Amino acid sequence: MFKQLSNKVKQTWINYRYQRHLQRSRFRPQLEDLPPGLFEHWQQCAPQEFHGIPRDAIFFVRAAEGLMMFFDFVSHSDRPCGLPSKAADSVWHAWLTLPQAEQRGLQIERFCQRHFGCEIPHLEAERMPVPISDALANTLVAARIRVRRDPAGPYLPLLFRLDHRLKMPHGFAYLVKNYGVGLQDMDSQGRAIGRVSFPAALDPFYLLSVGLISQSAFDAYRTEKNKHDAASLSGSGSSCGSSSSCDAADGGCADGGSCGSSCGGGCGGGGCGS
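The opening position of the sequence shown corresponds to residue 13 in our numbering, with each subsequent residue numbered one higher.
Since the hints were derived computationally from the structure, they do not count as laboratory data. Hints should not be assumed to be uniformly reliable.
In silico DSSO-like pairs for lysine-lysine, Cα to Cα no more than 27 Å straight-line [said to hold, decoys possible]: (1) K239 to K179; (2) K239 to K189; (3) K189 to K179.
This one's a predicted model, so the numbers in the text were calculated from it and none came from an experiment.
Make a model of the complete structure from these sequences and hints.
Right, dumping it as structure tokens:
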């Protein structure tokens, strides 16, 4: 009896948190328009591909919100974009395998066209017209511009922080360190582990070289970074430690890691997933 009561209280609390998050989300219309049965289908299939992933409604709605963020960024970019979150990608993958009968006309293509003005088909990284590292750089800049932040950094959009916040097993733990965007591996418990690598494609100098940011934005970044470095030196007598770098040419990160994996194309430039 106590166990049944405890489970009922727990479910009531989960439902409350779910509804509260839904009401506060700027993507509430999109989240309320998700296909019937998607959550249950995700609960069944996501653990088979993303081992150890939580299966509760709170995780799902936050991961789905991350996918909506990505679709929004893609719709406002003219370049291929990369999805830096495995949590969000788990929802995308589940949606793509949702039985046609359960979608009731809410196929993902129609959904994106209705809510974001274009279709955003899913592609694997190897089918993208650009390396995954470049696609992620495009997302980073598009996200910063979309939320009215400096495109050169060091602001890290929520989508890049999503896996770490949700403790996504084996996800991507992006962070800002020394005024640069870094990346750590995540273990099976969703904890960031190991040294921080710095993807070269996310460095402001690279963003400038490929035309993602302007010279003035880069100069403003350098000015602020110099101030930050000077303050660090005066405060501690030495600069903070640096970590390994990521070679943009191979589309991955140091130590053979990956910044993202699966992709999607559309909206005059395309999208790309983790």
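Hint by hint, here is what the structure shows:
1. K239 to K179: violated (33 Å)
2. K239 to K189: holds (15 Å)
3. K189 to K179: Measuring from Cα to Cα gives roughly 20 Å; hence the hint holds.
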